[in-house]
Amino acid sequence: MTEFKTFLSKYPIIIKSFGNSMYPLLLNGDVLSIKKIVFRGIKINDLLFLKKNKKYFTHRVIYKRENYVITKGDNNFLPDGRIYEKNILGTVFSVERDGEKFNPDDLYLIQSSFYISEILKIKKEFEKNKIQYVILKGLPLHLFYEGSHPRRIYADCDLLINKSKLSLCKRLLLKVGFKQIETSLSNTGKKIKNKETEITFVKKKGNFVISIDLHLEAVFLMTQMGATDSLYPEKLIQSFTSLLLNESREINISNNKLRILSPENLLLYLLLHLYHHNFIGPHRYDLIVKVIKKEKINYKDIADKINSFKLINYILPTLILLDKHYGTDLLIKLDLFLKVNQKKILQIKGLVSKVDLFSDEDRISAGIKRFKLNLLLSPNLFYKKYRIFLSPIIIYSIYWTLTKRLNSLKFKF
Amino acid sequence: MNKYKIKKGIITRSLQGKITLFNGEKSELITLNSTGSLIFNLIKKGYDKKTILDKLRLRFKNSNTNIESDLDAFVATLKEQQIII
Chain Y
1 MTEFKTFLSK
11 YPIIIKSFGN
21 SMYPLLLNGD
31 VLSIKKIVFR
41 GIKINDLLFL
51 KKNKKYFTHR
61 VIYKRENYVI
71 TKGDNNFLPD
81 GRIYEKNILG
91 TVFSVERDGE
101 KFNPDDLYLI
111 QSSFYISEIL
121 KIKKEFEKNK
131 IQYVILKGLP
141 LHLFYEGSHP
151 RRIYADCDLL
161 INKSKLSLCK
171 RLLLKVGFKQ
181 IETSLSNTGK
191 KIKNKETEIT
201 FVKKKGNFVI
211 SIDLHLEAVF
221 LMTQMGATDS
231 LYPEKLIQSF
241 TSLLLNESRE
251 INISNNKLRI
261 LSPENLLLYL
271 LLHLYHHNFI
281 GPHRYDLIVK
291 VIKKEKINYK
301 DIADKINSFK
311 LINYILPTLI
321 LLDKHYGTDL
331 LIKLDLFLKV
341 NQKKILQIKG
351 LVSKVDLFSD
361 EDRISAGIKR
371 FKLNLLLSPN
381 LFYKKYRIFL
391 SPIIIYSIYW
401 TLTKRLNSLK
411 FKF
Chain H
1001 MNKYKIKKGI
1011 ITRSLQGKIT
1021 LFNGEKSELI
1031 TLNSTGSLIF
1041 NLIKKGYDKK
1051 TILDKLRLRF
1061 KNSNTNIESD
1071 LDAFVATLKE
1081 QQIII
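Chains as they are written, first to last, in this note's numbering: chain Y, 1 to 413; chain H, 1001 to 1085.
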């Protein structure tokens, strides 16, 4: 936890940052200037200086309700619980490091400026070479739906391409200065994996790493598993991918036209994306809420797709969580057209009652949980889905996970 | 009709009426004052020079400054910075 020593008692408060709970945004030793803020003026992603349980710390707002917020350190797995007005001492407006002052919002602007310029370069090359692509998520969606860049340091931008053009896409990304990086569990895992679903490319710009994930299909199960026919029909993944590519639209971003998913497909994809992240991440829910607010959504179209692509088990938990925490009434809007019985809703409600959407997980724990969810929520019959344990990559992944866990235990003792 | 065009890919942030933008070519962070921000927003909306001048004259009707020359100087700076083309 980042703790602070207060140097002054009047506003602006000048404090020194200790610890790494806000890494990489705030570093140990940074000097923070804090100004007063009224509760109603607090926005998601504001950095608040807080006092709770006799501890001082500066963390990010990740969720806001009428009389409390939830904050979390960017580098922490767990949130700080409910923070009330009485706990809030102010908000960070300036950071001093090595004699230089900056506003954290400037860093977000710089990162986004680098990102958009690289996305535009890629888009230009793709269009010149007639490559069909669509942006699944990332900066362009924020610019379109929020009218501004994300007020946080973010990870990547995801593009879906027609996989028959993969070699050409790789060449074009290399041409504009990107490097392909390896994201497989290991070399062995890479050899055993029977299908590539996404490839990551990176490029260093200033102090930021621009990361582009090239998706070869609309993957929402586990990227490390390759083909997963025993859990979800492969042919449905392929036709869902074609649907996303073919039903795209153009939006105008920073004087440029970019292709994103149709409103209905976007909502569907973002719901599936939350499943892919074990229903965790308030920023993912925030984006869904903004899409719902801005677009005139054809809910019948979404429900038809959920039914025909057998996605209800994957979508339902997020719908319940959205309604519970964000009051979207999505379940009611979709319920008219969905074929879901009350028993299933109750079962899923039981499952999501254990979900803490504000907590993060380490990669291995997240992978284990995702695999369990894949087994539990697969639309396939029992005998078919358990055939997944005969898949070489699954056997290897279990071995790899156990080895990593044992090694970490050895390290602890 | 003299129309200005903001370079593709310029992202801005607005705080207390002041626009901040990052010029990636020069790795410079630029914060415009409130008048500069007003002009930048008018350019962003796609207005031509005459309309921008009309709006500025209306906004600063009691001012003795030469609005047109101030606008030209501001635009020249943005062009030099490669923010508008």
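Note that these hints are calculated values from the structure, not bench results.
Don't take every hint at face value.
Stated by the list, open to error - With the C-beta cut set under 10 Å, the calculated list includes, among others, these residues of chain H facing chain Y: (1) Lys1007; (2) Ser1034; (3) Thr1035; (4) Leu1038; (5) Phe1074.
Stated by the list, open to error - Here are the simulated DSSO-like pairs of lysine-lysine, each with C-alpha atoms no more than 30 Å apart in a straight line: (6) Y/Lys257 with H/Lys1045; (7) Y/Lys130 with H/Lys1005; (8) Y/Lys55 with Y/Lys43; (9) Y/Lys130 with Y/Lys163; (10) Y/Lys101 with H/Lys1026; (11) H/Lys1079 with Y/Lys294; (12) Y/Lys124 with H/Lys1045; (13) Y/Lys257 with H/Lys1007; (14) H/Lys1018 with Y/Lys130; (15) H/Lys1061 with Y/Lys257; (16) H/Lys1026 with Y/Lys293.
Using N, Cα and C, we set each Cβ at its ideal position, and we do this for glycine too.
These are the hints, each one checked on the structure:
Proximity of H/Lys1007 to chain Y holds as hinted, the smallest CB-CB distance being about 7 Å (cut-off 10 Å). At about 17 Å, the closest approach between the beta carbon of H/Ser1034 and any beta carbon in chain Y exceeds 10 Å, and the interface hint on this residue is violated. Given hint, H/Thr1035 at the interface with chain Y, is violated; its Cβ is 21 Å from that chain's nearest Cβ, farther than 10 Å. For H/Leu1038, the interface hint is violated, the least distance from its beta-carbon to any beta-carbon of chain Y being 18 Å, above 10 Å.
Nearest Cβ of chain Y to the Cβ of H/Phe1074: about 19 Å, over the 10 Å cut. The hint is violated. Distance restraint check for Y/Lys257 and H/Lys1045: the Cα-Cα separation of roughly 16 Å lies within the 30 Å cut-off, and the hinted pair is therefore satisfied. Between Y/Lys130 and H/Lys1005 the CA atoms are separated by roughly 27 Å; this keeps the pair inside 30 Å, and the hint holds. For the hint linking Y/Lys55 to Y/Lys43, the alpha-carbon distance of about 23 Å falls within 30 Å, and the restraint holds.
Restraint check for Y/Lys130 and Y/Lys163: satisfied, since their Cα atoms lie roughly 13 Å apart, inside the 30 Å limit. Taking the CA atoms of Y/Lys101 and H/Lys1026, the gap is near 19 Å; set against the 30 Å cutoff, the hint holds. Restraint check: the Cα-Cα separation between H/Lys1079 and Y/Lys294 comes to about 34 Å, which exceeds 30 Å; the hinted pair is violated. Distance check on the hinted pair: Y/Lys124 and H/Lys1045 sit about 24 Å apart at the alpha-carbon level, within 30 Å; holds.
For the proposed pair Y/Lys257 and H/Lys1007, the alpha carbon gap of about 13 Å is at most 30 Å, so the pair holds. Proposed proximity of H/Lys1018 and Y/Lys130 is contradicted: the alpha carbons are some 40 Å apart, above 30 Å. Simply put, H/Lys1061 and Y/Lys257 have alpha-carbon atoms about 38 Å apart, too far for the 30 Å limit, and the pair is violated. Simply put, H/Lys1026 and Y/Lys293 have alpha-carbon atoms about 37 Å apart, too far for the 30 Å limit, and the pair is violated.
Hints 2, 3, 4, 5, 11, 14, 15, 16 from the list above are not met by this structure, while the remaining hints are.
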